[in-house]
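> Below, each chain spelled out in residue letters.
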Amino acid sequence: MSLDRVARERLVRALAGSVIEHADELTSLDQAIGDGDHGLNMKRGFEAVLATLPGLADKSLPEMLKAIGMTLVMKVGGASGPLVGTFFMELGKALPEQPSRADLVAATEKAIEAVKARGRSEAGQKTLLDVLVPVHAVLASGGDGKAVAAEAVQAADRTTPMQAIRGRASFLGERSIGHMDPGSRSASLLIGAAVETLEFEVNT
Amino acid sequence: MSSLRPGNVGIVIVSHSPKIAEGAADMVRQMVGDAVPLAWTGGDVDGGLGTNVAGILEAIETAWSPAGVAILVDLGGAETNSEMAVEMLPEDRRARVLVCNAPVVEGAVIAATESSGGSPLAAVKRSAEEFYA
Numbered sequence: 199m200s201l202d203r204v205a206r207e208r209l210v211r212a213l214a215g216s217v218i219e220h221a222d223e224l225t226s227l228d229q230a231i232g233d234g235d236h237g238l239n240m241k242r243g244f245e246a247v248l249a250t251l252p253g254l255a256d257k258s259l260p261e262m263l264k265a266i267g268m269t270l271v272m273k274v275g276g277a278s279g280p281l282v283g284t285f286f287m288e289l290g291k292a293l294p295e296q297p298s299r300a301d302l303v304a305a306t307e308k309a310i311e312a313v314k315a316r317g318r319s320e321a322g323q324k325t326l327l328d329v330l331v332p333v334h335a336v337l338a339s340g341g342d343g344k345a346v347a348a349e350a351v352q353a354a355d356r357t358t359p360m361q362a363i364r365g366r367a368s369f370l371g372e373r374s375i376g377h378m379d380p381g382s383r384s385a386s387l388l389i390g391a392a393v394e395t396l397e398f399e400v401n402t
Numbered sequence: 656m657s658s659l660r661p662g663n664v665g666i667v668i669v670s671h672s673p674k675i676a677e678g679a680a681d682m683v684r685q686m687v688g689d690a691v692p693l694a695w696t697g698g699d700v701d702g703g704l705g706t707n708v709a710g711i712l713e714a715i716e717t718a719w720s721p722a723g724v725a726i727l728v729d730l731g732g733a734e735t736n737s738e739m740a741v742e743m744l745p746e747d748r749r750a751r752v753l754v755c756n757a758p759v760v761e762g763a764v765i766a767a768t769e770s771s772g773g774s775p776l777a778a779v780k781r782s783a784e785e786f787y788a
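As you go down the protein sequences, you meet chains A and B in turn.
When the letters of the first sequence are read in order and numbered with my numbering, they come out as residues 199 to 402.
When the letters of the second sequence are read in order and numbered with my numbering, they come out as residues 656 to 788.
These are computed hints drawn from the structure, not numbers from a lab.
None of the hints are false.
To give an idea of the chain B side of the interface with chain A (calculated C-beta under 8 Å), a few residues:
1. 701
2. 709
3. 736
Sample of chain A residues at the chain B side, in silico, Cβ under 7 Å:
4. 271
5. 273
6. 276
7. 365
8. 366
Each residue gets a CB set at the ideal place from its N, CA and C atoms; glycine is no exception.
One chain only, chain A, in its complex shape (with noise of 0.2 Å):
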């Protein structure tokens, strides 16, 4: 895979704009079970690494991958800022300028090891991990854009009748149950913009 400057452009703003976008669903969803500000937040993450283009994608593909991680760390404010900003910076360490898939698979173990080092958690807990993790095991066995897509949209569904018991929604206990998480979604929303990005790539 190679993402020339053009395409790495394209990219950023088709994750900035999955999440900006569904703000206001984000918000809603943490209204539910957190403090309501994740949509808020992630928009303002979002908004400043739009900010930082078109110098942005000037960069090689890790340098720009941690180069979004150390500004959603900067200026999200919640704790999914360094939880989303560690996945990117840690993804962009791992990852040769020109990946294979089988270095994409590798690369996103790594940052989503380092997101439960981070959050110290684990899938089952109600939180983005119960998107990444499952996604990535798609991903691992070979799965294509569509599958890796749908099982994103999927698994956040999932987090659903899940009880919390890493994060704000972990005070609600059993109240936490019935109601999307909402860093699960952001998760999801980027995974679908990368993908839809990625397999135009591949197919243009």
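Mind docking chain B on chain A? Use the hints.
Leaving out everything else, chain B in the frame of chain A:
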């Protein structure tokens, strides 16, 4: 928001609310005096409720002491952002900054009291955390 007394462990207070962080710092100053380096930070980068890594890094710098810095946090994001900030410190400082698992107001006062007596970082952290024990 600081007074530097090298030798005593520095205290950093991190709250989602700048008012809580500042108020807790006021309590520390009144109850413990100015024998400990102290700094507070709160709010997201737009000034709303939340925490931000840059603000935490600045507070660590302000309260820096060769004896180290103990950070007191309120809710989840404050803890995650503080841990992120610690990792972004220069390597020689990283091991000398600890995030305490303690209530932010009581923990800050107790940690500062322990620090003002010249206790090392581990003892300062332990005292603050005894609140949850």
